[in-house]
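Chemist: So the protein lines, in turn, are chains A and B. Number 1579 marks the last residue of the first sequence (the numbering used here); no jumps. Number 576 marks the last residue of the second sequence (the numbering used here); no jumps.
Keep in mind that the hints are not guaranteed to be accurate.
Among chain A residues calculated to face chain B with C-beta under 8 Å, some are [as the list claims (entries may be wrong)]:
no. : residue
1   : F1529
2   : Y1565
3   : G1570
FRET-style restraints, in silico, Cβ to Cβ [what the hints assert, rightly or not]:
no. : chain 1 : residue 1 : chain 2 : residue 2 : range
4   : A       : S1484     : B       : T517      : 22 to 30 Å
5   : A       : D1520     : B       : R572      : 34 to 42 Å
6   : A       : K1527     : B       : H467      : 24 to 32 Å
7   : A       : L1522     : B       : S478      : 21 to 29 Å
8   : B       : K474      : A       : S1550     : 34 to 42 Å
No wet-lab data here; the hints were simulated from the structure. Here the structure is a predicted model, which means the values were calculated and not measured. Each residue gets a CB set at the ideal place from its N, CA and C atoms; glycine is no exception.
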Amino acid sequence: AQSVTQPDIHITVSEGASLELRCNYSYGATPYLFWYVQSPGQGLQLLLKYFSGDTLVQGIKGFEAEFKRSQSSFNLRKPSVHWSDAAEYFCAVGAGGDYKLSFGAGTTVTVRA
Amino acid sequence: GAVVSQHPSRVICKSGTSVKIECRSLDFQATTMFWYRQFPKQSLMLMATSNEGSKATYEQGVEKDKFLINHASLTLSTLTVTSAHPEDSSFYICSAQTSGGADEQFFGPGTRLTVL
Chain A
1467 AQSVTQPDIH
1477 ITVSEGASLE
1487 LRCNYSYGAT
1497 PYLFWYVQSP
1507 GQGLQLLLKY
1517 FSGDTLVQGI
1527 KGFEAEFKRS
1537 QSSFNLRKPS
1547 VHWSDAAEYF
1557 CAVGAGGDYK
1567 LSFGAGTTVT
1577 VRA
Chain B
461 GAVVSQHPSR
471 VICKSGTSVK
481 IECRSLDFQA
491 TTMFWYRQFP
501 KQSLMLMATS
511 NEGSKATYEQ
521 GVEKDKFLIN
531 HASLTLSTLT
541 VTSAHPEDSS
551 FYICSAQTSG
561 GADEQFFGPG
571 TRLTVL
């Protein structure tokens, strides 16, 4: 079965600074990888996904992620953080024909002025 | 875009009562819906997979007699928490998937259940 680890529980970053959220997965074959963002009281919004092809994936809101098979990682990055990026971020892995997703524990991002 | 709604957004009930949570895909047909449970500051845990017109498939450790799932149409799935107890208090989130595949899963805003 697949699993996801997000090593950082909480990250604080200054507005305008860069942000990187780590995600490591465990799966025997090529996984489907996702990053979601959850704001308080709202559902999960898909930021980006990787299925195959180019290992650098561009998403919405200026986010990007890079799939590194050798490191089993799919880290999320943003060059310049905005105050509105404060939220909970979840990495997820999907595999197999049933498209079930396994989520990491999440990383809370706090943005300071 | 694809919108998924949940109703109610928040519910408080007494121990021993049953609570029904609805998940609707508003502008698309969902062949599959998923139900998740999220504890405070924790990740989403998949509870069950629901396919329209068939019985739900429950994840290991999830009591199917306690968490009844019905997917009667392509736009509606319901989760009923039967004989709720305080330990059932949680945030329940549904997602709906079109026939397009793994990338076509859209999440509802969640329902906060508090059992007194």
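Chemist: All the hints need checking, so say for each whether the structure fits it.
Modeler: Results for each hint:
Interface hint status for F1529 (chain A): violated, as the beta-carbon distance to the closest one in chain B is roughly 16 Å, over 8 Å. Annotation: interface hint on Y1565 (chain A) holds; nearest CB of chain B at approximately 4 Å, less than 8 Å. A hinted interface residue such as G1570 (chain A) counts as satisfied when its beta carbon comes closer than 8 Å to some beta carbon of chain B; here the least separation is about 6 Å, so the hint holds. For the pair S1484 (chain A) and T517 (chain B), the supplied restraint of 22 to 30 Å is violated, since their beta-carbon distance comes to about 42 Å.
Here the CB-CB span from D1520 (chain A) to R572 (chain B) is close to 39 Å, well matched to the stated 34 to 42 Å. In this structure the hint that K1527 (chain A) and H467 (chain B) lie 24 to 32 Å apart at CB holds, the actual value being about 28 Å. Between L1522 (chain A) and S478 (chain B) the CB atoms are about 49 Å apart, so this pair departs from the stated range of 21 to 29 Å. Taken as a hint, the range 34 to 42 Å holds for the pair K474 (chain B) and S1550 (chain A), whose Cβ atoms sit roughly 39 Å apart.
Going down the numbered hints, you'll see the structure goes against 1, 4, 7, while the others check out.
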